[in-house]
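Since each chain sits alone in its own frame, please combine them into the complex, following the hints.
What follows is the residue order along each chain.
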Amino acid sequence: MISAPKINRRTFLVSSAAVGGGLALGLRLPFGPEVVRAADGSPEVNAWVVIRPDDTVVIRIARSEMGQGTITGLAQLVAEELECNWAKVTTEYPTPGQNLARKRVWGSYSTGGSRGIRESHEYVRQGGAAAREMLIQAAANQWKVPASECSASNSVITHKSSGRKTTYGKVAEAAAKLQPPKDVKLKDPKTWKIAGKSVKRLDTMDKLNGKQVYGFDLKLPGMLNAAIKECPVFGGKVKSFDAAQVAGFNGVKKVLQVGDSGVAVVADTWWHAKTALDALSIAWDEGENAKVSSASIAEILKAGLDAPQAFVGNQNGDAKGALAGAVKKVEAVYSYPYQNHAPMEPMNATARYTADRCEVWVPTQDGEASFAALLAASGLPADKCDVHKINLGGGFGRRGAFQDYVTQAVLIAKQMPGTPIKLLWSREEDMVQGRYHPIMQCKLVGGLDANNNLTGLHVRLSGQSILAHVRPQIVEQQKGRDPLSFQGLADAGEHAFGYSVPNLLIDHAMRNTHVPPGFWRGVNINQNAVFMECFMDELAHAAGQDPLEFRRKLMAKHPRNLGVLNAVAERIGWSKPAPRGLHRGLAQMKAFNSFVAAAAEISVEGGNRIKVHRIVAATDSGYAVNPAQIERQIAGSFVYGLSALFYQECTVKNGRIEQDNFHTYNSMRIREMPKVESIIMPTGGDIWGGIGEPTICVAAPAVLNAFFRATGKRVRSVPLKNQDIHFA
Amino acid sequence: MIRLSINGKSHQVDVEPNTPLLWVIREQVGLTGTKYGCGVAQCGACTVHMDGAAVRSCSIPVSAAVGKKITTIEGLASGKTLHRVQKAWLDHEVPQCGYCQSGMIMAAVALLSAKPKPTDADIDANITNICRCGTFQQVRQAIHAAARPQGSKS
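Here the protein sequences come in this chain order: P and F.
Under the numbering used here, the final residue of the first sequence carries the number 826; numbering is consecutive throughout.
Under the numbering used here, the final residue of the second sequence carries the number 511; numbering is consecutive throughout.
So here's chain F without its partners, still in its complex pose (with noise of 0.2 Å):
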C-alpha cells in the first residue's frame, strides 16, 4: 500500500510503484479533472502540484509522490469559492474544448506563487502547455488579471 496526500486528504492506494502519478490520481483516486494528452512529459494535460511545484503528473512514479503534498484541479477552489485564476478563465472565458485547461491553469497558479506580478517573457518561459483549440491569447490575459489586486480594473 502506498499512502499519499492529495488535496488535503490522505489516501491508501494498492498499485506498483512505478505507476505514473496521473493514472494513480485518475484510475485509483478517482479524480479525473487532470487529464492525459501524451504520457511523455510534453503537452502538460496532466499538470498538478507536488509541494506547490507544477510537475507532468503523467512522468513521476507514484513512489516519487509519497511524502508530498499534492493538489489537483479539484483542489483548486475552497468550497463554492473559485481560486483567483479559475475567476480570471472564467471572467475571460478562456476554455474552448477545455481538455487541456486543467493543466493549464495549475501550471498558471504555480506560476504566479513564484511570480506574483509575472511579464509576458515569464509567461513564454513558464507556460508550455500545449492547447490545440489555441487559447493562448486569453490564458495570456488571464494569468495577467489574476496578477492584479483584487478589485483592480486595469
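The shape of chain P in the complex, shown without the other chains (with noise of 0.2 Å):
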C-alpha cells in the first residue's frame, strides 16, 4: 500500500513514499525554520543521516541493494564515521526526483560496474563525519564547553572533564540547525570498529518468511496488470493485430500497442493477460534482420580476425616485427557467445500516469537512468514525475543502462490514466529480449625466442561493441574506438593487462550486429580473461614451462596481480602434485581497480564430464569493507561465471534469440558447485576496488586450463555445452 505524507508542502512537491516507507526531502516545514525532515518529521542531520528521538538512525542509500550487499556496506562506512550504535542502524532510499532537487546532493545512483562502494565511499564517509561533528557540536552548546572536550561514540556524546552524556536522539534536532563543517578528516581504516568487519547484513529477515517485497510483488489501488510481447526481431515493428480476438477473455481489460514494436494486455490479473496475451495473433514487419543466425554473425567476426583495420586497445614495441621473427609461433582462435543475464525476478515496472503527474516503482540498478526513460516517456517536466526503487531480485547489469520496461510501462500507463499498471515481463519475454553479453571472437599469436621466452604477442579482438550501441558518444569521442573492450587488457587504468611483454599489440576489429549487447556482470572481462588467460597457458605449454612460472616471468612490474596469483596457487599447493585423479589450473586479472586470482581443482570422468571440486580465490580489492559479503560475492560470481561457461549460449535464428527459457538455457544447481574457498586480502592504498564482478572472469579460465591438464585436449570456444563437454 502507498500512503502519501501527509504534510505541508512548501519547497517542491516530493514523492508519496516508496514501498513500505516514507521520504519527504527536502520539505522545508512550518514547525522547523531550517531543519528538513524525514516523513515521519525526524530532523535530518544532514543528507545521509536522519536520527530519530529513540535514536534510531536512518542512513540514506543512493546505490540500488541487488543481492550484493551494498546497503549494508555504504551504511557501515557512514556509521564508522558517524560513530553511532549499530544495532539501531536502518537505511532507506532518497527518490532520483529529490536527488534532482536537491542538485544530486547523494551524486551517482548507479549500481553497476562494481561501483557502489569502491565510487562512493569517500564522500559517504565524509557525511557521517560531518553529522558527528554537527551532533557533538549541538550537545557542547547545550553544555556550553568547546566541541573539541566532547567525544561520540555508540550514539552517545560524552564530555569529558564534567562526565556529562546524551545521546544522538537528544540533540539532532538541533544538530540539523547548525551549519555543516567545511572540512572533516576520515578516520584510518586500521581504526575501523563497523566497516571492515563481516557485521550482519541488514536486509535478511524479509528475504526468509515472503515479506519483502519485489517490483512483481507490488500492489496499489485499483492497479492492473499488463503483459507485453516485444517484436523478437530486434529492430522490427509491430504490423498488424485484432484486439477483438481476445477482448472477451477472463479479466481482459484493454489491449494496445506499445510505441512501434510492442503489443500489452491489461487483464484484471497478470495471469489473465498473459494467457489473452499468448492467444492473440500478431502480424509483425520484422525487416531485414530477420535474415540474421548465429552463422552469419560468426563469418562476420571470423572475416574480423584477419581485417587490416581494428582499434588499438593496448601497444608496445613492435608486435607484429617480433613474431615475424620467433623461432616458434604459438596461434590460437576463440570464441564467446551471446549471453542471457536471467535474473531470478523477471523485467518488470508499475506505473501510474495523470495529466500532471507521474510515478513509477521499479527494480532498478540505476534510478536515475529510470527517471530519465520516465521523462521521456511520459512528456511530463521532473518536478511532475519520480521514480520509487525498489530492491532487486538481481540485476547482473540487465538493470542499469537498459530502461525499456520503464518505457513501455509508462507508455502503457499513459493510455489508461490514472490507474496504476504493473508490467510484467514473462520468462519468455525476458529471455528474447535481453540485452545480451557481446558476442566476441579473439585471434591470439605468440612469439617464443630460442630460450622459450615470449617476445611478441598479438591480440585480436573480433565483434561486439557494448559502448557503440549503449554510449554512442564515448565511441564518437574515441574516433570510433570502444575502451571498454579491452576491459582486463587495457595500457593503463582499472582494467589494466597484468603482464609485460616486450612487443605487444592488443586491436579490436568491432563488428556490430542487430543483437542489442549489455553489460552483464562482469562485462567484457569475461571473455578476455578466457582467451588471455587460456592462451597464456598455451603458450607455456609450447615453451614446455609450468603455467605458473610461465607467467611469474612476466609478471614481475605488477606486484598486486602476482600477489593474488601467487596466494593462490600457495593455498592449492601448485608446487606439488595434485592428488591422483584431480587436475588444477589457474588464472588471474585486474578488473574493476580489483585483483583477482582463482585456482581451480578437477576431475574429468570419460574425458567430457568435469566435476569442479573447489576454487581458490583471491581478491585485492585495496579495502574490504564486509568480509562476509565478499566471501559470498565471490562464490556467487562462479555460480554465474561457471554456468555461462558450461550451459550458456544464445543462439540467432531468423533474426531472433532461440532460448526461450531455463530448459534451453541452463543455470548451475547446487550439485554442481565447487567448495568455493576465498582469500580476501587488501593492500590498501589510495584506490578502491569493485567486488561484484571481478572475480567472475577467472573462474572459467581456470577450469579450461585445469582441464586442459587432465585430457591434453584445449577448448577455445564457451560454452562447453557445445563441445559435449558436461558436469559430472
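Keep in mind the hints are simulated off the structure, nothing from the lab.
We put the beta carbon where it would ideally sit given N, CA and C, even for glycine.
Worth double-checking, as some hints may not be accurate.
Far from chain F, by Cβ distances over 10 Å, these chain P residues were calculated [what the hints assert, rightly or not]:
1) 301
2) 311
3) 408
4) 481
Straight-line C-alpha distance at most 20 Å; calculated SDA-like pairs for lysine to any residue [stated by the list, open to error]:
5) 773(P) x 482(F)
6) 309(P) x 448(F)
7) 709(P) x 482(F)
8) 709(P) x 476(F)
9) 773(P) x 498(F)
10) 309(P) x 447(F)
11) 472(F) x 769(P)
12) 317(P) x 444(F)
13) 309(P) x 436(F)
14) 437(F) x 300(P)
15) 709(P) x 478(F)
16) 351(P) x 371(F)
17) 317(P) x 477(F)
18) 773(P) x 481(F)
19) 317(P) x 370(F)
20) 298(P) x 498(F)
21) 709(P) x 479(F)
22) 309(P) x 439(F)
23) 309(P) x 366(F)
24) 298(P) x 444(F)
25) 351(P) x 385(F)
So, in C-alpha cells, the structure goes:
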C-alpha cells in the first residue's frame, strides 16, 4: 500500500512514499526554521543521516541493493564515521526526483561496474563524519563547552571532564540547525570498528519469510496487470493485431500497442493478461534483420580476425616484427557467445500516469536512468514525476543502463490515465528481449625466442561493442574505438593488462550486429580472461614451462597481480603434484580496480564430464568493507561464471534469439557447485577496487586450464555443452 | 468457486480451474512470498508444500490442489518464532537478492522432513532450485546446520 505523507508541501512537491516507508526530503516544514525533515518528522542532520528521537539512525543510500550487500556496506561506512550504534541503523532510498531537486546531493545512483562502494566511499564517509561533528557541536552548545572537549561513540556524546552524556536522538534536532563543517577528517581504516568487519546484513529477515516486496509483488489500489510482447526480431515493428480476438477473455481490460514494436494486454490479473496475450496473433514487420543467424554473425566476426583495420587498445614495441622473427609461433582462435542475464525476477515496472503526474515503481540498478526513461516516455516535466526504487530480484547489468520496461510501463499507463499498471515480463520475454553479453572471437599469436621467452604477442578481438550501442558518444569521442572492449587487457587504468610483453599489440576489429549488447556481470572481462589466460597456458605449454612460472616471469612489474596469483597457487599447493585424479588450473586478472586470481581443482570422467571440486579465489580490492559479504560475492560470481562456461549461449535464428527459458538456457544447481575458498587480501592504497564482478572472470579459464592438464584437450569455445563437455 | 487450504486457513477463490496454483496464491489469495521465475517447473522459485511435499506451483493447476494442505513461505514460522530452517538461513546469511529463497527454503524444509540428516548427496539430489546470485555454498551449510540438534555446534 502507498500512503502519501500528510505534510505541508512548501518548497516543492515530492513523491508519496516508496514501498513500506516514507521520505519527504527537501521539505521545509513550518514547524522547523531550517530543518529538513523525513516523512515521520525526524530531523535530517545532513542528506545522509536522519536521526529519530529513539536514537534510530536512518542512513540514506543512493545505490541499489540487488543482493550484493551494498546497502549494508555503504551504511557501515557512514556509521563508522558517524560513531553511531550499529544495532539501531536502518536505511532508505532517496528518490531520483529528490536527488535532482537537491542538486544531486546524493551523487550517482548507478549501481553497476562494481562501483557502489568504490566510487562513493569517500563522500558517504564524509557525510557520516560531518553529521558526527554537528551532533557533537550541538551537545557542546547545550553544555556551553568547547566541542573539542567532547567525543562520540555508539550514539552517545560525552563531555570528558564533567562526565556529562547525551545521545544522538536528544541533540539531533539542534544539530540539524547547525552549519555543516567545512572540512572533516576521515578515520584511518586501521582504526575501523564497524566498516571492515563482517557485520550482519541489514536486509536478511524479510527475505526469509516472504515479506520483502520486490517490484513484481507491488500492490497499488486499483492496479491492473500487463503482459507484453516486443517484436522478437530486434529492430522489427508491429504490423497488425486484432484486439477483438481476445477482448472477451476473462479479465481482459484492454489490448494496446506499445510504441512501434510492442503489444500489451492489460487485465485484472497478470495470469489473465498473459493468457490472452499468448492467444493473440500478432503480425510483425520483421525487416531485414530476420535474415540474420548465428552462422552469418560468426562469418562476419571471423573476417574481422584478419581485417587490416582495427582499434588499438594496448601497444608497445613491434609485435608484428617480433612475431615474424620468432623461433616458435603459437596461434589460437577463441570464441565467446551471446548470453542473457536471466535474473530470477523478470523485468517489471509499475507506472501511474495522469496529465499532471507520473510515478514509476521499479527494481532498478540506476534510479536516475529510470527517471530519465520515465520523463522521456511521459513527456512531463521532472517536477511532476518521480521514481520509487525497489530492491531487485537480481540485476547483473540488465537493470541499469537499460530501462526499456520503464518506457513500456509508462507508455501503457499513458493510455489508461489514473490507473496504476504493473507490467511484468514472462520469462520467455525476458530471455528473448535481453541486452546480451557481447559476442566475440579472438585470434592470439605469440612468439617465443630460442630460450622460450615470450617476445611478441598479438591479441586480435573481433566482435561486438557494447558502448557503440549504449553510449555512442563515448565511441565517437574515441574516434570509433570502444575502450571498454579491452577490459583486463588495457594499457592502464582499472582494467590494466597484468603482464609485461616486450612487443605487444592488442586491437579490436569492431563488428556490430542487430542483437543489442549489454553490460553483463563482469562485462568484457569474461571473454578477455578466457582468451588471455587460456592462451597464457598455451604459451607456457609450447615453451615447456609450468604455467605459474611462465606467468611469473612476465609479472615483475605487476606486483599486485602477482600477489593474488601467488596466494592461490600457495593455497592450492601448486608446487606439489595434485592428488591422484585431480587436475589444476590457474588464472588472474585486474578488473574494476581489483586484482583477482583463481586456482581450480577438477576431475574428469570419460574425457568429457567435469567435476569442479574446489576453487581457491584471491581478491585484492584495496579495502574490504564486509569480508563475509565479499566471500558470498566471490562464491556467487562463480555460479554465474561457471553457468556461463558450461551451459549458456543465446543463438540467433531468423533474426531472433532461440533460447526462451531455463530448459534451453540452463543455470547451475547446487550439485554442480564447487567448494569455494576465498582469500581476501586488501593491500590498502588510494584506490578502492570493486567486488561484485571482478572474480567472475577467472573461474572459467582456471577450469579450462585444468581441463587441458587433465585431458590434453584445449577447449577454445564457450559454452562447453557445444563441445559435448558437461558437469559430471 | 474453488476452496483451498493455505497455511491452515480456508480460502474461496473464483478462478478458472486450470489456473496455475502459483498465480492463485499470488493474485487471488494475495500471498506474494511465492515467486514466479520460469513458469515451466525449471527454477523452483514457486516451490510450496502440498500435503508436506515440495511442489512447483507454477505447473500445478489449482484444481489439483483442492482438498490438499498447502503451505507457503508465509506459513512456515509459528508466530514470531522462525522455523529452524529460516533460523539457519538467518545465521548463515544465505540470501543475496533473496528472490529465489522462498522456494529454496521450502525445498530445504521438505528435504529435512523426508531426510532429517541429509548427506551432501541428498542435498545434491533434492535441491534443484536455480539461484542466479549463487548462494549454493551457504544453502548447503544452512541445511546441514538446520539438521543438527538445537544447541549443537558441530
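Residue 351(P) and residue 385(F): Cα distance at most 20 Å?
The hint holds at about 17 Å.
Next pair to validate is residue 317(P) with residue 370(F); report whether the Cα-Cα distance is within 20 Å.
holds, 19 Å
Would the pair residue 309(P) and residue 436(F) pass a check requiring their Cα atoms to be no farther apart than 20 Å?
holds, 14 Å
Beyond 10 Å on every Cβ pair: is that true for residue 301(P) relative to chain F?
Not fine: 8 Å to the nearest Cβ puts residue 301(P) too close to chain F.
Regarding the assertion that residue 481(P) does not contact chain F, is the least Cβ-Cβ distance greater than 10 Å?
holds, 32 Å
Hint consistency between residue 773(P) and residue 482(F) [alpha-carbon to alpha-carbon, up to 20 Å]
With Cα atoms ~17 Å apart, residue 773(P) and residue 482(F) stay inside 20 Å; holds.
Take a quick look at whether residue 309(P) and residue 448(F) sit within 20 Å of each other, Cα to Cα.
holds, 18 Å
Assess, step by step, whether the Cα of residue 309(P) is no farther than 20 Å from the Cα of residue 366(F), and give holds or violated.
Within the cut-off at roughly 18 Å; holds.
Distance restraint between residue 709(P) and residue 482(F), which requires alpha-carbon spacing of 20 Å or less:
holds, 15 Å
Are the Cα positions of residue 351(P) and residue 371(F) separated by 20 Å at most?
holds, 18 Å
Restraint status (C-alpha distance of residue 709(P) to residue 476(F) at most 20 Å)
holds, 18 Å
Are residue 298(P) and residue 444(F) close enough, with their CA atoms no more than 20 Å apart?
Judged against 20 Å, a Cα distance of about 14 Å means the pair holds.
Taken one by one, the earlier hints fail for this structure at numbers 1, 2, 12, 17, listed in ascending order.
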